[in-house]
Each structure stands twice: as structure tokens, then as C-alpha cells.
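K.L.:
In case you want the letters, here they are:
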Amino acid sequence: VSSGDTGPRKLTFAEIAKAAEKANPSPKPKLPPVPTAVPVATPKPAPTTAGTGKTTCALQEEEKKKKEETPKERGYPLGFKDKAQFEQCMQELKDALEKEGIAVSAVGVRGSSVTVISNNPNKRGKRFDGGKKASDIDAFFVPKGFLKCSPSGGGQFRDDDVAEEYPAISDWNQKWSEILNRPVAAAGWKSKVRKGSHKPTAADSIVQIGAL
Amino acid sequence: MMPTRTVCIRSSLDLPQTANRVFRALSIENWEERDSDNHPDGIYFRGTAGELTVKVSSYDALGFEDYPFLIAILAPSTFALGIDELVDLMVVDLLKAGFEVARRVKYTRGLMERERFSLDESSNLVRTAEKVAVPDEDL
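Protein sequences appear in the order of chains A and B. Position 167 of the first sequence, counted from 1, bears residue number 294 in my numbering, the numbering being contiguous throughout. Position 25 of the second sequence, counted from 1, bears residue number 17 in my numbering, the numbering being contiguous throughout.
Extracted from the complex, chain B is given alone in its bound form (with noise of 0.2 angstroms):
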């Protein structure tokens, strides 16, 4: 079994200045460029540290027309620790790099509702529910 969990990013750099500054601040030295029919670039980055993997990418989905880049991390469901537990401990990386950070907690028909992430004063995570209206999909 391999997990996987995404969170979406706000960076006023372009996707390949912001992957490698993704990677440096989660200590991920061996990343590479991919190319890929699945991204909206035709490109995406991904960086693996043993059994984890890490990829960064734009993102264009609706309710995040915000958060113009995608990370997502998978780790074997043997990994040491949880997968979520991984993520808060990335999610504390990426903010303390600068980056502002939310994820999708839930989609409907409509409707996005998110939680952005910051960090109190003694570095906890804190997390803020938003709910974002989205057009309403034709199928």
C-alpha cells in the first residue's frame, strides 16, 4: 500500500524555481524533471528520499485557482511514521520556507471547502476552515 496525500501552494516563482525550492527546504537532494501528459505543463518535478517521494507541480483545479502549484507525497504504509502525521511535518517545512499552504478537506457539487495552514507563535500547526464556492460542474 502506498498513500498518497497532496497539499497546494502559493509561490510568485515559476514551477521550476519553486520545486527546487520545495526540495531544499524538505532536504530532498535527488529530484529530476518529468515529463508527463498528467500536468497541465507537460512537466512535473519529483524528488524521493528513500521510500518517500515527493512531486511538485502547477495546479490549476477548481476552488484552488489560488494555490497555483500541487505537492504530493507518497510513503509506504510500513513508513516509520503516518502518512499524515508526514504531511503536518512537511506542511511545518513548507511555512517555515515562506510558502503558504491549504489543502482539500472536502469537494461537492459547488462547493471547496479547505483548510489553510499557519503557524502560532510556538510553532504549532493551526489550521482555518474556508469554504470556496466553485461553478458548478457539467458532466
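Bound conformation, chain A alone (with noise of 0.2 angstroms):
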């Protein structure tokens, strides 16, 4: 970089930041889909005969059932559209991890998409997608050896950085936060960490390939 006493003067990262807008504007922030786990209310109708040789009542009933049940009882997050979603995503990860040379003992999400009201002491009780805007999706993997980025004191690889170092980890992040239309990255957390340590738990996680 050089600021050029003799040649044409460099753009600064500002001038390309506003040149970069005004060819390709950020779209508005979009409001989430309703979330499926979320309980809604439905009113109870007459039973009737359907076709399937249940009651429009009864399949109602199921209908409600599998609303009400949390993402960990149905076995994937808020955020995807069904349990098929969520295994490729997953399957995808572990592969891009693989492709990196990264054997993994866990793979999986945590955060409010599992617990739908988040446990993170900082934001204790935000309700995932409960703004305006659609929540993140925090998944992470528990690598089996050592990485190219160094660990936080409480064990985590923050998901920036492996993504810097592990450019089809990057990929992944990308491909999935738009087929899912909101953030979605991969941060690491070390096997063993120290005790208050922010790692997932099996009560904030679905751990979908392996085991914590």
C-alpha cells in the first residue's frame, strides 16, 4: 500500500466500502419465519371424516403435537425446514471439516435455534427470531487435535477464525446462511475446558454426528 507521491492515489477501504453499496446495495433486513416450535393456538373444529381415514380433528391434533414438541424432541433446530435439512448441513460440515484435515469428535448446533429462549447469560430470555430480524445459527465442532488458531482461555475457536484458516469451512458458512437465509458459521471448542467455560452442553445442543 502506498500512498504514491508520484502515481495515482490508492482508493482508501472507505471509498471501496461506498463504491462496493451503491453497486450492490444491502438488502433490507427481512422479518424471520415464524418459528415451527413456537406453540400456536389453534381452535378445536368439529370432527369430521377425512380421507385418510382419520378425523380432520385428529390430524389437527398431531398437527398441534408437532408444533408444540421442542427442537430437541423433534431432533433439529429452529431454523431449518425439517430434520432432512439439518442432517445435510451437518453432513456437509463434517465433510468440509474432513476436507480439511480436521477429525472431529462432535458435530452439531447450540444457542437459542435448540433452546428456542436463549441461555446465554448475556441475553438470558431473547426468544430466537423474536426480532426483527432472523436469529443466528451457532453451530461448532470439538476437534480432535490442534488447529491453525489459537483457543480463547475457555476453549473455543471463534468461528472467524476458522474460518480464516479453513477456507471450505468458510465456504460452508456461506452456503448454508443463504440457503437458510440468516447467519449461520462453525466455531471449534477444545474436548477438555476449563469449568465456567461457555462450551455447549447436551441441554443447549442437538449434537447431530458424534458425542460431547
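Honestly, I wouldn't trust all of these hints.
[What the hints assert, rightly or not] Only some residues are given here: those of chain B computed to face chain A with a beta carbon under 7 angstroms:
id : residue
1  : Ser4
2  : Pro8
3  : Ile20
4  : Gly42
5  : Ser50
6  : Asp85
7  : Leu87
8  : Gly90
It is worth saying that the hints were derived from the structure and are not from the lab. Even glycine gets a Cβ: it sits at the ideal position worked out from N, Cα and C.
Join the two chains, each given in its own frame, into one complex according to the hints.
P.N.:
Listed below in C-alpha cells is the structure:
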């Protein structure tokens, strides 16, 4: 980088950012979809016979039960359309980790997409997709060996550090952020962490591959 | 392809105030606070300028205890400038805004190799290599 005493002046980052925004304006925040696991009160209709042999009342009861299941009970976090999509997402993360030579003991998702209401001490009580913007999906993995970035004292490898050092994981973040229309990123956690660490637990995560 | 690069900054302000100053320095007007369990405070700040994304968050990685904030930049590989050139330009703007800036070069067991940035009299970027001993990791 040079200020260039004789040649043409180089653009600054701020000028490039302005030009990038002008050429491709950032989309305005979209309202998130209604979470499928949030209980919805439905009026009880009069029972009538449906083609399946079940009454519409029975079918609606099944649907209501499905809606009342927590993400852990149904086996996939909020933000995914179904279990198959979640399984594909996690398998692709595992594939990206393998491509980068990272062996793992666990891959999953944690946070309010699993618990619906956040357990994080800094934002306790906040609901997934409860604001005007779609909430993040926080994926994680537990590597068996050392990574090319340093962990925090609490044993976490930050998602941005991981993305920088391992392009296949950066691409996975990008691909699934586009599919799910919200930020998606994978952070790493050491298998052994000090007491008081914010490592994913069985209570606040869905482990799709391996175990914590 | 969406390469990511990170730099660390020193700031005496808290995270929201630091993020505000960073986005102002980089002329990124479209930014917001977001919740995420992948970040130490449960929050981070995310700004976009067209195809560019810049994230600001607290940082507590070994070897960077003296740089408490992380800035990540993401740019598609089709962007007019390469990601490393963008990082250099971003660092210049951050230094001019008064931040101290450093980045990881290589991390190996027990040692963080990093570079600290500064500007010379002609506003050229100067890199100074540093080695910081870090506690040995247990697996």
C-alpha cells in the first residue's frame, strides 16, 4: 500500500466500501419466518371424516403436537425446514472439516435455535427469531487435534478464525447462510475446557454427529 | 467462494462503542448488533457494504490478550480487489482512525507469530513481526 507521491492515488477502504454499497445495495432486514416449534393456539373444529381415515380433528391434534415439540424433541433446530435439511447441513460441515484434515468427535448446533429461549447469561430470555431480524444459527465442532488458530482461555476457536484458516469451512458458512437466509457459522471447542466455560452442553445443543 | 480474513484491534472503549467507531472509520453505514453463542459476550456487530461483510466482536484468543477486539472481513472471490489487498486498505483506515492493529501470521503449539501494523511518514503500511509465547494447550 502506498500513498503514491507521483502515481495515481490509491482508493481507501472507506471509498471502496461506499462504491460496493452503491453498486450492490445491502438488502433491508427481512422479517424472520415464524418458528415452527412455537406453540400456536388453534381452535378445535368439529370432527369430520377425512380421506386418510382419521378425523380432521385427529389430524389437527397431530399437527398441534408436532408444533409443540421442542427442537430437541423433534431432533432439529429452529431455522431448518425439516430434519433431513439439518442432517444434510451437518454432514456437509463434517465433509468440510474432513476436507481440511480436521478429525472431530462431535458436530452440532447450539444456542437459541435449540433452546428457543436463549440460555446465554448475556442475553437470557431472548427468543429465537424474536426480533425484527432472523437469528443466527450457531454450529460447532469438537476437534480431536490442534488447529491453526489459537483457542480462547475458555477453549473456543472463534468462527471467524476458523473460517480464515480453513476455506472449506468459510464456504460452508456462506452456503448455509444463503440457504437458511440468516448468518450461519461454525466455531470449534476443545474437548477439555476449564470450569465455567461456555462450551456447548447436552442441554443447549443438538449433536448430530458424534458426542460431547 | 467467500474468503475470510481477520485482524485484531486495541481499543479502550467497550464493544458497542468500538464497533461504532470501526464502521464509521470504514464508511460502512449498514450495520447491526446480532446475538450469537459463538461469541464471548453473546453478541457481535455485523456490517455490510454491497458484497463486503465486516464483523466486529470481542476477542480473547491466546496470544492476543492485548488486542481485545476482532474484525473479520468477508469478500467474494469475484470482488474487484483480492481479500488480502482489502485487508491492507482496511488496516490503513483503522490505523488512521487511531486503532492499534495486529494479525495472526502463524500459530503453533506454545507460540503465536503475529504482525503489528503501523504507518510510516508517507502513510505506507509497515509490518513488524512479533512472537508471543502462549500456554501449551491441553487437548
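K.L.:
Confirm or reject each hint.
P.N.:
Quick rundown of the hints versus the structure:
1. A least Cβ separation of about 21 angstroms between Ser4(B) and chain A goes past the 7 angstroms threshold, and the interface hint is therefore violated.
2. A distance limit of 7 angstroms between C-beta atoms decides the matter here; for Pro8(B) the minimum to chain A is near 13 angstroms, and the interface restraint is violated.
3. For the restraint placing Ile20(B) at the interface with chain A, the shortest Cβ-Cβ distance is roughly 5 angstroms, inside the 7 angstroms limit, so the hint holds.
4. Using the Cβ-Cβ criterion of 7 angstroms, the hint placing Gly42(B) at the interface with chain A is satisfied: the shortest such distance is roughly 3 angstroms.
5. For Ser50(B), the suggested interface contact is broken, since its CB lies about 10 angstroms from the closest CB of chain A, more than 7 angstroms.
6. The closest approach between the C-beta of Asp85(B) and any C-beta of chain A is roughly 5 angstroms, which is under the 7 angstroms cut-off, so the hint is satisfied.
7. The beta carbon of Leu87(B) comes no nearer than 11 angstroms to any beta carbon in chain A, farther than 7 angstroms, and the hint placing it at the interface is violated.
8. With 7 angstroms as the threshold, the beta carbon of Gly90(B) stays out of range of chain A, its nearest partner Cβ sitting at about 15 angstroms, so the hint is violated.
Hints 1, 2, 5, 7 and 8, counting from the list given before, are not met by this structure.
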